[in-house]
Amino acid sequence: MQPNPQLNKNGELQHLLSVEGLPREVIERILDTAESFIGVTEREVKTVPLLRGKSVFNLFFESSTRTRTTFEIAAKRLSADVINLNIGVSSQTKGESLLDTVANLSAMQADIFVVRHGSSGAPYLIARHVKPHEHVVNAGDGRHAHPTQGLLDLYTLRHYKKDFTQLTVAIVGDVLHSRVARSLIHGLNILGTPEVRVIGPQTLIPPGVEALGVQVFRNMREGLKGADAVVMLRLQNERMRGALLPSAQEFFKTYGLTAEKLAGAKPDVIVMHPGPMNRGVEIDSTVADGPHSVILPQVTFGIAVRMAVMSMVAGASA
Amino acid sequence: MSPLPDAEQLCVQLADVIRPTLTPKTAMIGLYTGGVWLAERLHALLGIGEPLGTMDIAFYRDDYHQQGLARDPKRTKIPFSIEGRDVLLIDDVLYTGRTVRAAMNELFDYGRPERIALAVLAERGGRQLPICAQFCGARIEVPAGARLRLRRGHDGGLSFQLEHAT
Amino acid sequence: MTLLITNARLIDPASGRDAQGDVFIAKGRIAALDADARAAKAAQTLDASGLVVAPGLIDLAARLREPGEEYKATLESEMDAAVAGGVTSLACPPDTDPPLDEPGLVEMLRRRARALARARLYPVGALTVKLQGETLTEMSELADSGCVAFSQANVALLDTQMLWRALQYAGSFGFSVWLRPLEPWLMRGVAHDGEVATRLGLAGIPSFAETIALGTILEIVRATGTRVHLCRLSTAGAVAMVRAAKRERLPVSCDVGVHHLHLCDVDLGYFDALCRLDPPLRAQRDRDALSEGLADGTIDCLCSDHTPVDDDAKHQPFAEAAPGATGLELLLPLTLRWGVMKKRSLLQTLARITSDPARILGVQSGRLEVGAPGDIVVFDPDAPVRITAAGLKSQGKNTPFLGYELPGRVRATVVAGKVVYEQE
Chain B
1 MQPNPQLNKN
11 GELQHLLSVE
21 GLPREVIERI
31 LDTAESFIGV
41 TEREVKTVPL
51 LRGKSVFNLF
61 FESSTRTRTT
71 FEIAAKRLSA
81 DVINLNIGVS
91 SQTKGESLLD
101 TVANLSAMQA
111 DIFVVRHGSS
121 GAPYLIARHV
131 KPHEHVVNAG
141 DGRHAHPTQG
151 LLDLYTLRHY
161 KKDFTQLTVA
171 IVGDVLHSRV
181 ARSLIHGLNI
191 LGTPEVRVIG
201 PQTLIPPGVE
211 ALGVQVFRNM
221 REGLKGADAV
231 VMLRLQNERM
241 RGALLPSAQE
251 FFKTYGLTAE
261 KLAGAKPDVI
271 VMHPGPMNRG
281 VEIDSTVADG
291 PHSVILPQVT
301 FGIAVRMAVM
311 SMVAGASA
Chain G
1 MSPLPDAEQL
11 CVQLADVIRP
21 TLTPKTAMIG
31 LYTGGVWLAE
41 RLHALLGIGE
51 PLGTMDIAFY
61 RDDYHQQGLA
71 RDPKRTKIPF
81 SIEGRDVLLI
91 DDVLYTGRTV
101 RAAMNELFDY
111 GRPERIALAV
121 LAERGGRQLP
131 ICAQFCGARI
141 EVPAGARLRL
151 RRGHDGGLSF
161 QLEHAT
Chain L
1 MTLLITNARL
11 IDPASGRDAQ
21 GDVFIAKGRI
31 AALDADARAA
41 KAAQTLDASG
51 LVVAPGLIDL
61 AARLREPGEE
71 YKATLESEMD
81 AAVAGGVTSL
91 ACPPDTDPPL
101 DEPGLVEMLR
111 RRARALARAR
121 LYPVGALTVK
131 LQGETLTEMS
141 ELADSGCVAF
151 SQANVALLDT
161 QMLWRALQYA
171 GSFGFSVWLR
181 PLEPWLMRGV
191 AHDGEVATRL
201 GLAGIPSFAE
211 TIALGTILEI
221 VRATGTRVHL
231 CRLSTAGAVA
241 MVRAAKRERL
251 PVSCDVGVHH
261 LHLCDVDLGY
271 FDALCRLDPP
281 LRAQRDRDAL
291 SEGLADGTID
301 CLCSDHTPVD
311 DDAKHQPFAE
321 AAPGATGLEL
331 LLPLTLRWGV
341 MKKRSLLQTL
351 ARITSDPARI
361 LGVQSGRLEV
371 GAPGDIVVFD
381 PDAPVRITAA
391 GLKSQGKNTP
401 FLGYELPGRV
411 RATVVAGKVV
421 YEQE
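Protein chains in written order, with the working numbering: chain B, 1 to 318; chain G, 1 to 166; chain L, 1 to 424.
Treat the hints as calculated values from the structure; they're not laboratory data. Remember, it's a predicted structure, so these values are computed and weren't measured experimentally. Note that beta-carbon positions come from the ideal geometry of N, C-alpha and C, so glycine has one too. Any given hint could be a false lead.
Subject to a maximum C-alpha distance of 20 Å in a straight line, what follows is the list of computed PhoX-like cross-link-like pairs (lysine-lysine) [stated by the list, open to error]:
#1 B/LYS161 x B/LYS9
#2 L/LYS41 x L/LYS418
#3 B/LYS225 x B/LYS266
#4 L/LYS418 x L/LYS27
#5 B/LYS161 x B/LYS225
#6 B/LYS162 x G/LYS25
#7 L/LYS418 x L/LYS397
#8 B/LYS46 x G/LYS74
#9 B/LYS46 x G/LYS25
Listed next, with one range per pair, are the computed distances between beta-carbon atoms [stated by the list, open to error]:
#10 L/GLY297 x B/ALA107: 37 to 43 Å
#11 B/PRO3 x G/VAL12: 41 to 47 Å
#12 G/GLY145 x B/PRO3: 31 to 37 Å
#13 B/SER317 x G/GLN13: 49 to 55 Å
#14 B/THR203 x L/LYS130: 52 to 58 Å
#15 B/ARG279 x G/ILE131: 55 to 61 Å
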């Protein structure tokens, strides 16, 4: 069996590929470091010289302006040079293999590859083939993981709720296809969250998900009872009508978050969403814009978390 | 080797030397971790009106490429504007001068001070940069390979400690 | 050309023999055993002291990549791999390019194999033209040109009525049909649908993709009486269904790929594309059921399912990697390892890769008796083989067992009385 590719032999984080397999201390260190970076983002001069002279290559095989932008901002705040590559339109269509693409970029003196890919496991393949001083940060691979999103969700929960060991967290929606859900579930379990729930119809909850350490609920009101935090997952357009769901309207009726459904949760419940939101499908506008929503702060936290991750991996000894 | 001086006593002496130089524009910033302990003591002794600032230089160190990111970065909190200030930078021990260099770089990312003065409880030889302290408690000879640190006991009392490299 | 193999531990599952002895081969056939063998005058003698002599291994599924996919492997390299692995007879599935649906292609392939004079080649013909499931192939013609059975390889037959007709037709001539139970719509995943696939975020293939298709096949066998050999079972459910079908005396047999006997979905680890196989590696309980089934005879034999894939095709994200593992040189070691783990005797273990597949194939090989073809494997069951890319003769280096040391070093392989492989 292969060793955990994320940690080097000194136990330092050299790649961030998945929240799964990260020791608790590493996660806590990422969150603590992110907190320091929040201070930086709040002052006039928003940059620190940590990654000056380093090159961060955003390798996006799946396009995403939003995630790419936050990584770009985070890298620039660390004074790194940022190069954006939307591979979908260029060499991949010409048939260049994934590893050839990476090798070509490596020849251009890359330090960090931020990779988003449609196939689960692609960043692992890349991490096995990069040079010792190169680092891979997974910005989302297939359905498997979106570790920086998972970490910023953990940061958000820690910020508002402090103690994971007392929390009930409910994750609602298309868990089957969600890398965000998987990463968050792993993180919550590593930090000792006693109750993690997933809520959705059987078509959107993968088999054996209980083995990840969650309880499955089909009924949303049941699942939200007593929740400290509700995380709404995005429903992709192509999944809204077909073999998995009949329509967006019926999804909203049964699993969309409204003030009424939220009433059974704790009075100080917080509402999270990785974005971008489909208003009226996963979540009602009044809730999205309401007092429980922490959706916008999540974005700020996301930049600090990504700064923390990049400065930690780039600092790991080769 | 002569015994290490009494840190508490040196604190009081240092405060006495700094007091005449205070102005309405003075603000104090302590550098983690020993410098913050010292700054808390001095801030109280000197009765400075402006709240105490605390600074972690983790993101400005010049040895990031060799050592990586510091293990346990604290959060820099500067609860006042730097513009036009007389900043009193406080650290426990002045050695190579690199910590102070990083602190000054970080300080300038918060604003433009009128002047910066450095106060340290002890300085040892071994400066690697052209940095000096305006106020210094004592000059202490430290054998090669050893580290001089400030310790804070359970009762809050400050003392010097010599750590030998293993 | 006469050959004498002496001082051997002769193991012949067909007759139940496991004892010291000698074999004398003349005119390509086993001419004498033991005392009679020692008395004969041989041109060449092989001293097999301390070694096992068994019938040459018979592998029911090995892809040789010819015709059509020579960039992946060639007949030469794969035949070299076969005899290095002790395999003296092998059946190749019809999924070549073009598929084996024309007598001319089959004849050419057999001629090429004969000219190489390594292992014996038994082509399995396509059941439908181009494997597309619309038109029956000329099975009678194909049988005349050398096809031993008919199959759809890994291509699912969408039209159930077509499957029924094809079995009716094949059965009319007493032909065997070799089928993988494949439900086409449920097969659209890349890993076993379970906890591991959920954790890794891989599209899953549920177990019932195999059992639903198997149920369909068994019903049609009941209706037609056609002999069917079920290829590459992977689920506990399928093993149970075959056990019941055999009790009912349906004319079915089945095999399992040797990698599936040892590995399960947990071995995917961090998306190891070398574990991307078709059928997928399933759960531990499925692997255990396959092992049980092989031990009690529900599963008739083991095959390598040899599928050489070039490195580039494996250096891809898991879902995009080409499925398959190289297997000819791992058949013997992995079978022996299973035997040791299951505490089976060498006699019982070797049956699954000699006499049992011989029965399915309907050939005379696979036994050490006077008159049988002179196909022999000489091996040391205790000497380890280190599986390395450089050491493998196959052009496919794709196996999850790279770097492993496995028991069972082949010392020599004999086909039709000729030594076609000898360990350097």
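Within 55 to 61 Å or not, the Cβ separation of B/ARG279 and G/ILE131?
56 Å, holds
Cβ separation of L/GLY297 and B/ALA107, checked against the hinted range 37 to 43 Å
Violated, since L/GLY297 and B/ALA107 (Cβ atoms, about 58 Å apart) do not stay within the stated range.
May I ask you to test the hint 31 to 37 Å on the CB atoms belonging to G/GLY145 and B/PRO3?
35 Å, holds
I want to verify a distance hint. Is the separation of the beta carbons of B/SER317 and G/GLN13 within 49 to 55 Å?
At roughly 43 Å between Cβ atoms, G/GLN13 and B/SER317 fall outside 49 to 55 Å, so the hint is violated.
Look at the Cβ atoms of B/THR203 and L/LYS130 and judge whether their distance stays inside 52 to 58 Å.
36 Å, violated
For the pair we were handed, L/LYS41 and L/LYS418, check the Cα-Cα distance against 20 Å.
Given that 20 Å is the threshold and the Cα spacing comes to 16 Å, the pair holds.
Evaluate the given range 41 to 47 Å for the C-beta pair formed by B/PRO3 and G/VAL12.
Roughly 56 Å apart at Cβ, these two residues miss the hinted range, so it is violated.
For the pair we were handed, B/LYS162 and G/LYS25, check the Cα-Cα distance against 20 Å.
38 Å, violated
Is B/LYS225 within 20 Å of B/LYS266, Cα to Cα?
Distance ~8 Å between B/LYS225 and B/LYS266 Cα, so the pair holds.
CA of L/LYS418 to CA of L/LYS397, is that 20 Å or under?
28 Å, violated
Is it true that the CA of B/LYS161 sits at most 20 Å from the CA of B/LYS9?
Violated - the C-alpha atoms of B/LYS9 and B/LYS161 are around 34 Å apart, more than 20 Å.
Assess, step by step, whether the Cα of B/LYS46 is no farther than 20 Å from the Cα of G/LYS25, and give holds or violated.
Outside the cut-off at roughly 25 Å; violated.
Checked against the numbered hints given earlier, this structure breaks hints 1, 6, 7, 9, 10, 11, 13, 14; the rest are met.
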